[in-house]
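Asker: Sequence:
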Amino acid sequence: MSDARPQSPVGETSSSAEDALIASRRAKADKLRARGENPFANDVVPRAGGTTVDIADLRERAKSARGDDGKYTEDAVKAATKDAVFHIRGRVIAFRSTGGLSFLRLRDRTGEVQLLISEASMGEAYARLEEIDLGDIVESEGTLTDGKRGELSIEPSRVRILTKAFRPPPEKWHGLQDVETRYRQRYVDLVANPHVAEVFRARSYIVRATRKVFDETGFLEVETPTMHTLIGGAAAKPFNTHHNALDMQLFMRIAPELYLKRLLVGGLERVYEIGRCYRNEGISTRHNPEFTMLEYYWAYATYAELMDFTEKMLRAIDAELARAMPEAQARWSAERPFTFEEPFARVPMNEAVRSAAKATKVAAWEAAVEKDGAQSGGRGLVALLNGMGDFGGSMKEWSKSSPRAKAIDWGNLRKGWMKCENDGERLFALYEYLSEPFLTEDYKASDGKRSLPVFVMDYPFETSPLARRNDARPDLVDRFELFVHGRELCNAFSELNDPDDQAERFREQVRKKAAGAEETMDFDEDYIRALEQGMPPAAGFGMGMDRLTMMLTNSPSIRDVVLFPLLRKETT
Numbered sequence: 007m008s009d010a011r012p013q014s015p016v017g018e019t020s021s022s023a024e025d026a027l028i029a030s031r032r033a034k035a036d037k038l039r040a041r042g043e044n045p046f047a048n049d050v051v052p053r054a055g056g057t058t059v060d061i062a063d064l065r066e067r068a069k070s071a072r073g074d075d076g077k078y079t080e081d082a083v084k085a086a087t088k089d090a091v092f093h094i095r096g097r098v099i100a101f102r103s104t105g106g107l108s109f110l111r112l113r114d115r116t117g118e119v120q121l122l123i124s125e126a127s128m129g130e131a132y133a134r135l136e137e138i139d140l141g142d143i144v145e146s147e148g149t150l151t152d153g154k155r156g157e158l159s160i161e162p163s164r165v166r167i168l169t170k171a172f173r174p175p176p177e178k179w180h181g182l183q184d185v186e187t188r189y190r191q192r193y194v195d196l197v198a199n200p201h202v203a204e205v206f207r208a209r210s211y212i213v214r215a216t217r218k219v220f221d222e223t224g225f226l227e228v229e230t231p232t233m234h235t236l237i238g239g240a241a242a243k244p245f246n247t248h249h250n251a252l253d254m255q256l257f258m259r260i261a262p263e264l265y266l267k268r269l270l271v272g273g274l275e276r277v278y279e280i281g282r283c284y285r286n287e288g289i290s291t292r293h294n295p296e297f298t299m300l301e302y303y304w305a306y307a308t309y310a311e312l313m314d315f316t317e318k319m320l321r322a323i324d325a326e327l328a329r330a331m332p333e334a335q336a337r338w339s340a341e342r343p344f345t346f347e348e349p350f351a352r353v354p355m356n357e358a359v360r361s362a363a364k365a366t367k368v369a370a371w372e373a374a375v376e377k378d379g380a381q382s383g384g385r386g387l388v389a390l391l392n393g394m395g396d397f398g399g400s401m402k403e404w405s406k407s408s409p410r411a412k413a414i415d416w417g418n419l420r421k422g423w424m425k426c427e428n429d430g431e432r433l434f435a436l437y438e439y440l441s442e443p444f445l446t447e448d449y450k451a452s453d454g455k456r457s458l459p460v461f462v463m464d465y466p467f468e469t470s471p472l473a474r475r476n477d478a479r480p481d482l483v484d485r486f487e488l489f490v491h492g493r494e495l496c497n498a499f500s501e502l503n504d505p506d507d508q509a510e511r512f513r514e515q516v517r518k519k520a521a522g523a524e525e526t527m528d529f530d531e532d533y534i535r536a537l538e539q540g541m542p543p544a545a546g547f548g549m550g551m552d553r554l555t556m557m558l559t560n561s562p563s564i565r566d567v568v569l570f571p572l573l574r575k576e577t578t
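Sequential numbering of the sequence shown, starting at 7, is according to our numbering.
Hints may be right or wrong, so weigh each one.
In the SDA-like style, the derived pairs of lysine to any residue whose C-alpha atoms are separated by at most 25 angstroms in a straight line are [what the hints assert, rightly or not]:
hint: 1; residue 1: Lys377; residue 2: Cys426
hint: 2; residue 1: Lys318; residue 2: Phe346
hint: 3; residue 1: Lys154; residue 2: Ser124
hint: 4; residue 1: Lys243; residue 2: Glu494
hint: 5; residue 1: Lys34; residue 2: Met128
hint: 6; residue 1: Lys318; residue 2: Pro349
hint: 7; residue 1: Lys518; residue 2: Tyr437
hint: 8; residue 1: Lys84; residue 2: Ala54
hint: 9; residue 1: Lys450; residue 2: Ser361
hint: 10; residue 1: Lys364; residue 2: Asp448
hint: 11; residue 1: Lys377; residue 2: Ile414
Calculated directly from the structure, the hints in this document are not laboratory data.
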C-alpha cells in the first residue's frame, strides 16, 4: 500500500519511475489471480450479511449520532445504527497504517468515508492490505463506529479489491494541476479535483431544470437534423462532412433554427430542442467548436414577452440548482459578480451607444449623440464618423479625453468600421467596441457592487437576417441579446415570417458570400416554401447551455464545463 510516489534514483526519468510503479501494481494483480481472485471483479454483493448503501446514505443513517461539534461517539453510533452491517463500494483516495491499524478512505459518487481496519478484527486477511494501492476500487463490509478524532468510520470484517488501478494517481490526489492535462485526462481530473465533478453535477441539474421550465410551460421537446445540406440558422462557418452512399456533401449544423420554425408552420406552436451544434471557429474561453444549444420557438409571442420569460426562466433554473445542490449553489451565488435579484436592464442598441459615447468625454461625440430627431443617439455618432471618412488620424487625440476613452480598443474599432457596408453595420460596430466591453461598469445593481444582466435590444436589420423588422422603425429588428456580467448568454427575436422579405435577405447573404464573406447563410428554398404555407407570428430564442453553466457556477472557461473539450493532438 502506498500514498506517495518513491523518489527517482539519480539519472532515472520520471517516466521510468512511473513504469516501475505500474509494474508493481501489475505484479499485485498477478498475485490476486494466483490466489484465484479476479483483479477486475464484477460480483459485487454483500457476503457478511450487510446492506449495500451509498456513502451519503450511510451518513444519513448515522446523523442522529453526530454531536453539535460535528463529531461522533462510538456509543451514539452503535445506538443509532443498532450494529447494522453495511456494504459499500468506492475508490481508495488515502491510505495509511500505524501498528496494527490501517486507515483507508473511500470515495463514491455521493461522498467519502473512512475505513478503520484493525489487525485484530481482520486476522490473516490484514496482511493482504499491502496489495491495495491508491486509486484501486474496493468493497468493504462492516459496522459503523467512530475514529480517534470523532470521525464516522466503518470497522470492516472484510475488504476486497474490485478493480486494480494499474496507473498511479496524481501525487496525493492533488497533483493534477496542469490545465492541458486536466482537460485531456478528464477521467483523472474528476477524481483528483472534487470541485470539478461538482461543476458537472451542476451542469446535469441545470439541463434538467431547463427542461422542466419548458415542459411546464406547454412546450414540446423535439429533435431536428444535425447534418444539413445547406448552411443556415446563424452566421457562422460550418464543419463539412460527406455521406458516402448518397455521395452528398453535408454540413454539421450551426443551429437548429430553420427546422424548428418549420415545425411552427406545421402547427407545433411551442417547440424546443437542447442539442449539439458545431461551428468551425476559433477556440477561446467562451468558444468550443462543439457545444450544446437550447433553442425554442413560441407562436404568438413577441421578443418583449421573451425578455420577461427569460428573467423568470433563469431564476427558476437557479432555484432548482439551489434545491439540488444547496451548499454549492449558495457558495456560487455568494461569489457571483452579478445578481438575478433585481429586474434586468433593457437598453436599445442606439441608446447603449449614446451612453457609451458620452462616457468617453470626447466633445464631438457628446454633441453628435445629443442631436434631435432621427440622427440622435448612436445614429448621430454614425453620421459624424461617416462625414470624416477614415477617422484614424483623430483617434490619438480622442483617446486622451478620459480614462474610458483610453480603454477603447481603437485599432480594432477602426478596422471593424472600415469593413462595414451600411449604417446598420456601423452602429453595431460602435456598440461592439464602445459599449459591450463596458456593460459591467455601466449597469449596476442598487448596491453599486454587482452588475445587472443587460438586454441589449432593437438591432439594425442589416445585422439580423432572420429577425422581424420593427413596425414603427423598419431600420430596426425586434431582437435582443442578453449579457450577464459582460458575457453574451442568449440571442432572441420576433421571427420574420414574410417569405418575400426572408427571400430578399437570403439573397443578400448569398451576395456577401460571393464577395468573400465566410460566415454567411445559403439560400434555403425549402424554408421559403415553408413560410409561403404561413408561419404564425412567433418569437424565437437561442442560448448556449455551456455558457449558462459557466455563469451559474462561476467557471472562467468553457473548457471547465465541457467534459471533453476539443484539444490539439497530443504530442509525444
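Asker: Hints first: check each against the structure and report whether it holds.
Answerer: Each hint, compared with the structure:
1. Lys377 with Cys426: Distance of about 23 angstroms is within 25 angstroms: holds.
2. Lys318 with Phe346: Holds, because 10 angstroms separates the two Cα atoms, which is no more than 25 angstroms.
3. Lys154 with Ser124: Satisfied, since the Cα-Cα distance of roughly 13 angstroms is no more than 25 angstroms.
4. Lys243 with Glu494: Holds: Lys243 and Glu494 sit about 19 angstroms apart, inside 25 angstroms.
5. Lys34 with Met128: Given that 25 angstroms is the threshold and the Cα spacing comes to 20 angstroms, the pair holds.
6. Lys318 with Pro349: With a Cα-Cα distance of about 10 angstroms, the restraint between Lys318 and Pro349 holds, given a limit of 25 angstroms.
7. Lys518 with Tyr437: Distance ~22 angstroms between Lys518 and Tyr437 Cα, so the pair holds.
8. Lys84 with Ala54: holds, 18 angstroms
9. Lys450 with Ser361: holds, 14 angstroms
10. Lys364 with Asp448: Holds: Lys364 and Asp448 sit about 12 angstroms apart, inside 25 angstroms.
11. Lys377 with Ile414: Answer holds: Lys377 to Ile414 is near 23 angstroms, not above 25 angstroms.
Hint compliance for this structure: no hint is broken.
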